[in-house]
Structure formats: structure tokens, C-alpha cells
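Undergrad: In case you want the letters, here they are:
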Amino acid sequence: MFQPHSVLWQYLWVAPNLLLAVLASILWKRGLHKQFRGFYIYAWFQAVQWAVLYPMDLIPSVSAVDYLRIYWFSVLLESIILFVLISEIFADVFGSYAALAHVGRLLIRWGGAFLLITATIFAARAPIDNRTWLVSTSQIMQEAMYIVVSGLIVLLFVSGAYFRLAWNPRVFGIALGLGITGCVHLATWAIRANFGAVRKSNLLDIANLATSHVVVLMWYYYLLVPQKVATKSVVALPENSLALWNRELERLLQQRPAHQ
Amino acid sequence: MTIAIILVIAATLSLAVIFGVAVSRSLQISAEGSLASQIHPLDIEAFRNLADPAEDAYLRRRLPAFEYRKVRRMRLRALAVYVQTAGRNAAVLVRMGQNALPSSDAGTAEAARQLVNQALLLRRNAALVLLRIYGARFRPNSDLPAASVLYRYSQLSGAAMLLGRLQNPAAPVRI
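Read top to bottom, the protein sequences are chains C and B. Residue numbering for the first sequence follows my numbering, beginning at 798 and increasing consecutively. Residue numbering for the second sequence follows my numbering, beginning at 1235 and increasing consecutively.
Bound-form chain B, shown alone (with noise of 0.2 Å):
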């Protein structure tokens, strides 16, 4: 009998989240005008002072060690809203690339293809990375693990700075 029951809560909480699926799915296409604000510009070099292993080492040669794990845990929180907003990003990108795939431009259309491809490529490992990071909170020894997001979203800048001069030829960007 609890067997039954949890198997009805299941089937009804997936039930749910595919319907719930479905519908952002559409509210997602009707809103496809606006994806441009939707991206929040990093600072990196914060980002990378965040992420930098020597960083965390100096800290903890010179910090007592109880201030430094509470330095790391701040730090890793920290990190891990940076990691959230580069996985953000890359989903808005995936968007804009899937837009400008049909482009009949073919330079276009392989730079639309690259920058899907980096975006997916980042999300995935945001995914995994802020994993890590919410183990590092409980292992006080670990490295720090933002390395491949700030190299990937290093790549994806590039993708879409080049997707975006294609597009737009006479803004000024430059690469």
C-alpha cells in the first residue's frame, strides 16, 4: 500500500514538472524578443581572483584557520553565484545561436553553431562545477574548482563576440 502511494505522489509530481516543461517552453518562445537583457555581464577578473588556487593558498598561509574556512565558505558562495551566472548566460546564448542557426549567411551560421556548441559545453560544466562547489563547503582542503567555467566562458565571449559582428557588422566591436 505505501508502495502505491509513493508511486501515485511520483507519477503526479512528474506529471507536474512535464507540464511545467511545456508550458516555460512556450512562454520561452513567445519571449524570445527580450533574450538580450537577459544577459548579466561578468566581472571576471573578480571571477577569476575567486577561482585562483594561490589566492586561496595565501589565504590560507595567512588567515588563523578558523577565519580562513569561514573566508572560503563566503569565498564559495561567491563562487558559486558567479558559476550560476555564467550557466545563466550560456542558456540565453544557446537561444540566441539556436536563433541565427538558420542564417543564410554560411560564416554566420557556423558562428551561430560554435556558439551553441560553447554554451552547451559551459552549462554542462557549470552544472558539474557547482556540484564541486557545494562538496568544497565540507571539505576544507579541496581545490577550487571554477578553473574550466572561467576558461569556457573565456571561449564563449569569443563565440559570441563573433556572432555578434556578423550580425551586426557596423557595432562597435572588437575581437
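Bound-form chain C, shown alone (with noise of 0.2 Å):
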């Protein structure tokens, strides 16, 4: 069942695709691709990956190494439109307060700094089997842009939330969809990296698989379904709170501090 080829297996690399191209259309339809440029983007790159790599994998004539080839640029190509995809999404985030563009500008560029030196380190330290070294880069490659992917969606969260800022519901199920994806697949492929040729390494293709799957659904939800509206009830603010403060605000005029 868990066999490459399987049905399961055959289901789980083919839906999860069609669906993202299908999603990809229905944001152009309504006009939601503008809003969301780096994600339908990286919804059609995802959906052209599998129209070439499906079909080569399925061809006896194609040989291993020429699929790797392709495979090995696709991982570069995809680590490039992640990339612009979640500066995007710290735009998105950030961009709306003036008091914050300017850290959101510095988290992306010094965070993605960061975490591309310790990808860097992690992959200089893994082992490359020169006999498949395409295979053994790729998982390495792989490695590395995950530890940057869920290392920026991490910083993300931690940020908004420290700020408490309100994010588009959108928004956050697109960096969602990410972050778990980035956590799963780096799991993954740290073991595949590091451990060399698993025994059960079917078992992780089908579990990237169907993480892949599962964030395609919930995409649909948070990109498609109306979400709730969140009631913008203004509350008011307490009066014995701002009764202190008035008094507190006079004591601070009457002695303002010299530091300004």
C-alpha cells in the first residue's frame, strides 16, 4: 500500500497538484491572483513540477539520472519562489503598520540571513555518496531549503503574535499551509540527508505526500471559503483605566523626562 506506485501512493503525488492548479485557476477567475501574486506563483510552479516529473517518472525510457537532473532544478527553482513567497507574506504582514514595516523589512533579510548560514552548515556537514551524488545533493538541497522555509514561517508567527497583529485570514492559511509543510518535509528529509538509503523510506515520501495533501485542503478552506467576520466591535476602554492615565499623563507634563 505504501509502495512507490502504489494507488495511495500514485493518489497522493497526482491530487494534491491537479488540485493546487485548480485552486491557481479559481484565484485568477476571481481576480484573487493579483492580491496573492508569489502564492499563485508557487501554486502553477507546483502543478507544472508534477505535469514533468509525473510523466518521466512513469516512462521507462527516461533514464534515473536525467529525472534527477530535472528534479535537482526544479528544488532550485522552488527555494527562489518560496523565498519571494513569504518576503511576501512579511510584506503582507508588516506592511500595514507604518511603526513596523521597517522590522518586518529587517526580520526577512537578517532572519533569512541567519538561517541560510545554518542551512549552509547543515548541509556542508552531511554525507555525500558520490556514486548518486544527484540524489544525495538533492536530499541536502532539500534539507536546506526547508530549515529556511520553517525557520522564516516560525519567525513569522512568533512576530505577529508578540506584536499581535491582525493578519488576513488568507494570509495566515497560506503561511500555515507552509509552516506545517516546511516542518514535515524537513523532518523528512534531514532523516533522508543524513541517514543515507532508509530502509522505510517509502513510508516518509507518503507522509511529504500527504502533508502536501493535507495543506492543499486547507488552503481551499482559508482561500476559497468566505471566513467569518470577525466582530469589530469597538470596546470601549475602561473608564477607571483612563481616568488613572489622565491623571498619570498630567503628573508625566508637568515633569516630562529630558530624554525625547
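Hints in this document: simulated from the structure, not taken from any laboratory. Treat the hints with care, since some could be wrong.
Stated by the list, open to error - Per label pair, the in silico range of CB-to-CB distance:
#	chain 1	residue 1	chain 2	residue 2	range
1	C	G892	B	Q1272	21 to 29 Å
2	C	R827	B	H1274	41 to 49 Å
3	C	R922	B	K1304	40 to 48 Å
4	B	Q1318	C	A861	53 to 61 Å
5	C	P1023	B	R1371	48 to 56 Å
6	B	R1311	C	L931	52 to 60 Å
7	B	L1365	C	Y808	45 to 53 Å
8	C	A861	B	S1258	42 to 50 Å
9	B	I1243	C	H802	29 to 37 Å
Beta carbons: idealized from backbone N, C-alpha and C, even for Gly.
Fit the two chains together into the complex; they arrive one by one in their own frames, and the hints show the way.
TA: Below, the structure is given as C-alpha cells:
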């Protein structure tokens, strides 16, 4: 059941990518592709990547080396697209607050640089089998990519929670999906890249594919199902606090600190 | 092998953090009504006293070195509590300001925008100042770093009062 090319395996590789292509088309139809440009490109990229790799995997005349070359290149492209998408999410979350726009830029810049260095260190320590270096390097590249992705998403969630920022529910859904994918894939690719040939590696494949499927369904929910509008009832400031603040402010105005 | 274990643990922890934030976000949305009760008023006079460099210099002159270091550590601990409370109040005011942002009244919306920005700046400063306070515990001759939080808090109080008055003109609030 969990073997490569089993029915479950085929379904989990085909369905999420087809669903992503449909989702991208719906976004385009509804005019949402302009609002979520990064995600729109990512969704199409995933679908095209599948449309190229899936037949290559099935056609016997395509050699494993050719398949791996294309796969390697597609992982490189995916890394760039993911970084652009995450930058876009950072800009969306922090950009709407004048006081934090700069903080958002600093976080993605320095956080990204730090994570890239960390990923490089981990990648440099991973073993490479020279006989199948394409396999090893593609696994290491995925490991490095998901270190950066999951790290940036955690940074985004933690900083957003610290500042109590109000997220656009759709952007939140995209980020949540990327975070879940990033963490699960990081764990599985770390095992593959560092343990060499794993006995039950097909289980890792299934875990990755199943996660992608769940995340795509989540994206359908967040992007297409109308979200409940959070009741934006005005919360009156408590009078006692206001009175106290008023008194404190008067004191402050009487003896304003020199450091302004 | 060790690297793989480290990365698997890191991935699991990251996933837990992401889920934790997602759950707390949804709980936060449902608890919006009780925001006002989450504000803890600060005794600004005591805060100012703790952050005052002149007060610190006076204690340094008057107390023996050992006694001064002990008092200073206690003052820094108290200062950290004040800064944390100011930061928490700022977080509550961010939510309150965000709720008032879609107001149809332009004045209220503008006041809400200012409140959100002031509160975010205070929250950012509070985090940095807390780090400096923890650092100051190990450096007895360093300055007390809370003046910026005190100043931002005064501005935030003004912005909060303005929004409160616009939202509820009947309330007896004087600015």
C-alpha cells in the first residue's frame, strides 16, 4: 500500500498538484491572483513541476539521471519561489503598520541570512555519496530549503503573535500551510539526507505527499470559503483606566523626561 | 545522524510553535470582548523613579558598593516588571485600536491608527529595553535603559485617551 507507484502513492502525488492547478485557476478567475501573486506563482509552479516530473517517472525510457537532473533544477527554482512568497507574506503582515514596516524588512533580511548560514552549515555536514551525488545533493538541498522556510515561518508567527498583529485570514492560511509543509518536509528530508539509504524511505515519501495533500485542502478552505468576519465591535476603554491614565499623563506633562 | 536528530527535533518544535500561535490567535479573536479588563494601570510615578538616572546616581553615592549592587538588582527587577506590564498593555491597545480602525468616523479611525502605531512602537521598545535591563544586571555601571519606554507610554496614554473620548464622548475623560 505504501510502496512507490502503489494506488495511494499515485493518488497522493497526483491529487494535490491537480487541486493546486484548479485553485490557481479559481484565484485567477476571482481576480485574487493579483492580491496573492507569490502564492499564485507557487501554485502554478507546483502543478507544472508535477506535470513534468510525473510522466518522467512513469516513462521507462527516461533515465534516472535525467529525472534527477530535472528534479534538482526544479528544487532550486522552488527555493527561489518560496523565498519570494514568504517575503510577500512578511510584507503583507508587517507592511500595513507604518511603525513595523521596517521591523518586517529587518526580520526577513537578517532572519533569512541567519537561516541561510545555518542551512549551509547543516548541508556541509551531510554525507554525500559520490556514486549517486545527484540524489544526495537534491536531498541536502531540500533539507536546506526547508530549514529556511520553516525558520522564516516560525519567525513570522512568533513576531506576529508578539505584536498581536491582525492577519488577513487568507494570508494566515497560506502561511500556516507553508509552515506545516516546511516542518514535516524538514524532518523527512533531514532523515533522508543524513541517514543515507533509509529502509522504509517510502513511508517518508507518503508522509510528505500526505502532508502536501492536507495543506492544499487547507488552502482551499482559507482562500475560497468566505471567512467569518470577526466582530469588530468597538471595545470601550475602561473608564477607571482612562481616569488613571489621565492623572498619570498630567503628572508626566508637569515633569516630562529630558530624553525625548 | 546527530544532525538528523537535531533537525527532526527542531522541526517538531517549530510545528508546535506554529500550531500554538494559530490556536492562541483563534482564542484571542473569541476573547476580544474582555480586552478592556486585561489592561493593568501602571504607577507612572514609581516607574519614573525606578528609571531615573539621578536616583540611581544618588543611591550609588550614598550606599556602600555591596549594598548598592543589591539595591540596583532589585530596582532592575522591578523595572523589568514595569516594562513588561507596559508592553502587555500596549499589546491590548493594539487589539483595541485594530477593532476601532474600520470606524466610519474619520476622526476615530485616525485616532485608532495612531494608537495602533504608538502601541506597536512601545511593544517593540519594551522588548529591546527588557533585553538591556537583563544585560544591565551584569554591568553595575551601565545606564538604566527604560526612559524610552516611559516616554512612549506617555504618548500611548494620550492616544488611548483620545480614542476613548472619540468612541465614548460621554465618559468623563479629560486630556
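Undergrad: Which hint numbers does the structure go against, in order from smallest to largest?
TA: none
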